[in-house]
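> Protein sequences appear in the order of chains E and Y.
Note that UniProt numbering gives residue 307 to position 307 of the first sequence, counting from 1, and the numbers run on in steps of one.
Note that UniProt numbering gives residue 515 to position 515 of the second sequence, counting from 1, and the numbers run on in steps of one.
What the hints contain is simulated information worked out from the structure, not anything from laboratory work.
Note that the structure is predicted; figures quoted are calculated from it, not measured.
All the pointers check out, no bait thrown in.
Identical chains blur together in the list; that is why a pair holds if it fits in one copy or across any two.
The calculated lysine to aspartate or glutamate pairs, modelled on EDC-like cross-linking and capped at a C-alpha distance of 16 Å, are:
#1 K707 to D230
#2 K273 to D316
#3 K630 to E520
#4 K651 to D202
#5 K707 to E260
#6 K233 to D291
#7 K550 to E302
#8 K707 to D174
Number of protein chains: 2
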Amino acid sequence: MKKFWALIIIVISHLSVSAENGYNLWLKYEPIKDAKLVAAYQENISSLYVYQKSETLDIATKEFITAFKGLTGKSISTSVSIQKNAILFIKTDDLQKLNITHPSPENDEGYLIKSIQHQGKPLTLISSKTDKGLLYGAFHLIKQLQLKQSIFNLNIWEEPKIKHRILNHWDNLDRSVERGYAGFSIWDWHKLPQYTDQRYIDYARANASIGINGTVLNNVNANSLILTDDWLKKVKALADVFRPYGIKVYLTARFSAPIEIGKLPTADPLDEKVQLWWQQKAKEIYASIPDFGGFLVKANSEGQPGPQNYGRTHADGANMLAKALEPYDGIVMWRAFVYDNEVPEDRAKQAFNEFKPLDGSFHKNVIIQVKNGAIDFQPREPFHPLFGALTKTPVMAEFQLTQEYLGFATHLAYLAPLFKECLDADTYAKGENSSVAKVIDGSLYKNQITAIAGVANIGNDVNWCGHPFAQANWYAYGRLAWNHQLSSSAIADEWLNTTFTGLQKTSSTLLKDMMLESRETVVNYMTPLGLHHIMGWDHHYGPGPWIKDKPRADWTSVYYHQADNNGIGFNRTSSGSKATLQYFSPVAQKFDDLKSCPEEYLLWFHHLPWDYKLKSGDSLWDGIVKKYYKGADEVKEMQKTWAAVEHDIDKQTYQQVKQLLTIQSEEALWWRDACVLYFQSFSGKPIPIGLPKPKHNLKYYQDLEFKFVPGI
Amino acid sequence: MKKFWALIIIVISHLSVSAENGYNLWLKYEPIKDAKLVAAYQENISSLYVYQKSETLDIATKEFITAFKGLTGKSISTSVSIQKNAILFIKTDDLQKLNITHPSPENDEGYLIKSIQHQGKPLTLISSKTDKGLLYGAFHLIKQLQLKQSIFNLNIWEEPKIKHRILNHWDNLDRSVERGYAGFSIWDWHKLPQYTDQRYIDYARANASIGINGTVLNNVNANSLILTDDWLKKVKALADVFRPYGIKVYLTARFSAPIEIGKLPTADPLDEKVQLWWQQKAKEIYASIPDFGGFLVKANSEGQPGPQNYGRTHADGANMLAKALEPYDGIVMWRAFVYDNEVPEDRAKQAFNEFKPLDGSFHKNVIIQVKNGAIDFQPREPFHPLFGALTKTPVMAEFQLTQEYLGFATHLAYLAPLFKECLDADTYAKGENSSVAKVIDGSLYKNQITAIAGVANIGNDVNWCGHPFAQANWYAYGRLAWNHQLSSSAIADEWLNTTFTGLQKTSSTLLKDMMLESRETVVNYMTPLGLHHIMGWDHHYGPGPWIKDKPRADWTSVYYHQADNNGIGFNRTSSGSKATLQYFSPVAQKFDDLKSCPEEYLLWFHHLPWDYKLKSGDSLWDGIVKKYYKGADEVKEMQKTWAAVEHDIDKQTYQQVKQLLTIQSEEALWWRDACVLYFQSFSGKPIPIGLPKPKHNLKYYQDLEFKFVPGI
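This is chain E alone, in the form it adopts within the complex (with noise of 0.2 Å):
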């Protein structure tokens, strides 16, 4: 008895001892602490049955017997027969030599995990046509625990609504990571092929967890050593320890690798050489990795070489790549966010004006990424005009996780809500009822290829993603990829409370309100009412409205506030730039018409004066300023309520967030004054009575400026 004490405090000691770094994401399994529950799933969850092996489910039971140790502390194996409560992973095609009969998902990916009844055992049963679905439906029991739920009569059947789920990272070969915020690359280039760290496997693990398929490992911004034979054996590596969870690795391609590593004298797609390059470079790649999954490109943009330096068309360039890795299924992802030399009438047309008229002619297996909104990844941006408006060619969104502009890792942002905005919007493309997820599921134009990147928040901090409630927007992108229809609020739930196990449900509730608010707030303190793209130069850090002058008109902030004596707002309607008429009707008329143009969009659409009155009664002025005062006041009541739940999470996370949430309400203020000190030059009106002064002038926010600012 006095041994039994002795070791339960030995092993209860050694849990405290252990700090929680956040490594572990949302896949913890630690010991949960209802007694009756625990008894019950130790009770009902006897052993696991495979009928057939693979490496997959391999993978797929050592999890749920990790998980189901941690979480109970029940010792659980694989059983050669079917016991009672047993947990069966069957492919569908298998059910019938055991004689189960139960309809499964048609879709690859899909799984059904039924309570059923089998020769007078009770049994769970996991079935899906592939040993990935098997995998994706363990990781779904796994959190029916990790969230204290039923496991009896389940009856829950899951597809993926996008085919390709994608995370897209922009990670240089030498380990930086544009607009990376949580350290540098995960991916160890030096020391591959031969060593593959854990942390690969722990990335898989955590993405098969959440549903995503595929990563592009490195950066848009090409560098085409990738692509020759030493760098193409890195990432065979990776792209070997990624399969057996389901996820294929995808390259960028620089468009003028023919010519760097090929030593082509040109990179024209129409060359018959150049052609017959890429083709082999597929074969190759190919030959030692058989489901790569194919290229992304950004071409013609932000100085990437692409097909119109040989005055040739994005398909001429994006069906040269599709054919070559047609033999083998792969596919080429084409971005939308392509750049004029020219500096166009307005930015924002650019992408709608350059692909529209080349609709239905790219290559089948070539899909077109457009960036949510039609600038670039703002803390608040219409829905893209492209979708919709591609009938005859397949669409994916590109969401970016990364917060380039939404506070960095500093700044607690929780994105579901941004991506939601986007996919939920209707864009009237076939009638009401289009909206932007249809079109990417492809169940608008009946696409064959569907596909979602999101721009990876992921380094190689311990905790992954800098800020530990990044983490959830990894999470939310993955789970959204799966099932655009799921809400940002119960994303927020799942999350929570697999990440922070010792959630009472209040502090739940609190946490997940702050979450729900928190990228309005940022979108309050730094671009309210439609303002965008006013941030310092270059690095993005904090606000730089004030910039101008630069190479080009269409990378100054001056160009997108366009504030004056008079006024505030790009008028993008049909008495300026026209933008809004790239929308579909009635769309076009809703962001048209001052009176009809949500005011979150107000000042992307339109060019207000200084006295337009808002809904609120505020003149245009009053209330962008009360916007950034109110944001700046929102951040302090997430310090409260971080304070408030201080008591369910560990000491560590809560400290680290507590010195984050610091930086933030600090930088909120920076964006408020700054902001509302340079706007107040054109305006000469007074700050709302009431409202505290700002603590400096305009011109110590001006002189402001900041060296190594990570993420460039």
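Position chain Y against the provided structure of chain E, taking the given hints into account.
Chain Y in isolation, oriented as in the chain E frame:
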């Protein structure tokens, strides 16, 4: 009873879930499995008693409580009265007040750990003149437990032999680390000063546990930005974290800072405005960091600015800084690793030639930082001739923990034997028994300032050092900085058994032997018999004995090995560059005379014909080749040893090291084959019979190119 079991199972299962990622270094407080020993520890340690509270003592007691809980399972706490079996933390000055009379070390950082009887109670006394000493004592007693040693009849008297025991971080402000192979800088400058990462605390803990008491935060190739107001705030935040752990912060001072950030037209050390600028800067620094340690300076070396730019001497430069720091007890560490613009007749002689004449002209708070050898941290170098040569100027040693020349973070090389080789070398400066250690611990010349520096091998990899065994070099450096008389073997024992907590005796012995041989193995497959500086150009990755025609002769390999058809080696004897004559007699004669020159330094000092007969009877050619083959074979033995201890090592670490040994094995063959083939092109002699042929021809190795090699 059932509940007990459930609980035990729950908690034990948790243990198996958490993987060993190396983050906790040698501070793993996992349950000791020997129940009898645990019982003895539990019975004989009851509580802690602290006479006077302080932040440092709070850390010391918390660390001990955590460790004791982890190791033995028993929760103890501090008590307001002295209980039986208590551990007392009492400063020397307070002993009297408690009627305890035991002599304690005079040294500020020294400590006594003594089992005493006091008022009839058995107690363990930790006493020291300072809180810092008590913290060191706590870590010592913890180690006693970790190593499963007795806690009875203790009488441990410890004093550091060297005053400033410092890590040098070659960390740039963009977080790249020059010659860093463990990821990127742990200093997340962007988030400082508000966000202090848990990693900073754990860094301080680790250093305090081995007695390191200073850290130079930034690269010797310095950026003066670190001395600006904004950055000093960040430095202050780190200093505040480190202070209670007894660690002082130092910075590198870029000599041209008065121009770059002070807007002065010159940085001439004799210019009054320049002097004033540095005085003002020192005042500023000390206002916010009252215990700031001082400056480390690399001047007039490899392109860094320095006093010679203004026709002044190193002493002029160092003294100006020293005077600025003097009011605050700061020190200047001035590096002797200097580079003349004119390539000297022998690079190895330069530091001596420049600094010997300046002896006596340095201000009293200047110390000269001398690399262990005269070239540059090679796998093996004879000790630097400056050790002992400066009789009126304190000299400190600089070792390189990061394996710039010893295989990066992929080769297992335990460096304690390298450090010891230098420390134990007898300079004969004041006759026999004038070891390098005695020079740097101040005992030879009675120096007031003593110091030692280790170029850190720390990065933001989860396990800090990249290679699990590289942690041993950080550990060994700290231990030797404290007490240079410790043996490499004893340190390896300590490190192995605190790091791999499940190690059985036989495995421990196997691993220790492997560690002790490992550096010699690297010498064998890279630079046997005194060869040096023949690695790849610039990045120093892999072999490059063919490197020639670079901007400076002494940046090439051919300069150092001098191989031709007749023979190989650098004639540094009295018939050559006369570098041998920089040493004291009889060392000079020993190196100068072929008969007495140790074979490990043979080609360092002598140019010899290919058929020169070695002690083994082999010709020089055969001897070199056999060493290369031996080195490569020894790595295969290391792989076998590692496989033999698999059962005692956690799975993750086992896999990591296994993969790394594969790389080391391949790269050892690469070194062997490339060097043998290259030197064969001069010797024209066959590879000795029985040895396998290289896999490729020389051109293959010469044509290898590497991009994005880490550390540059």
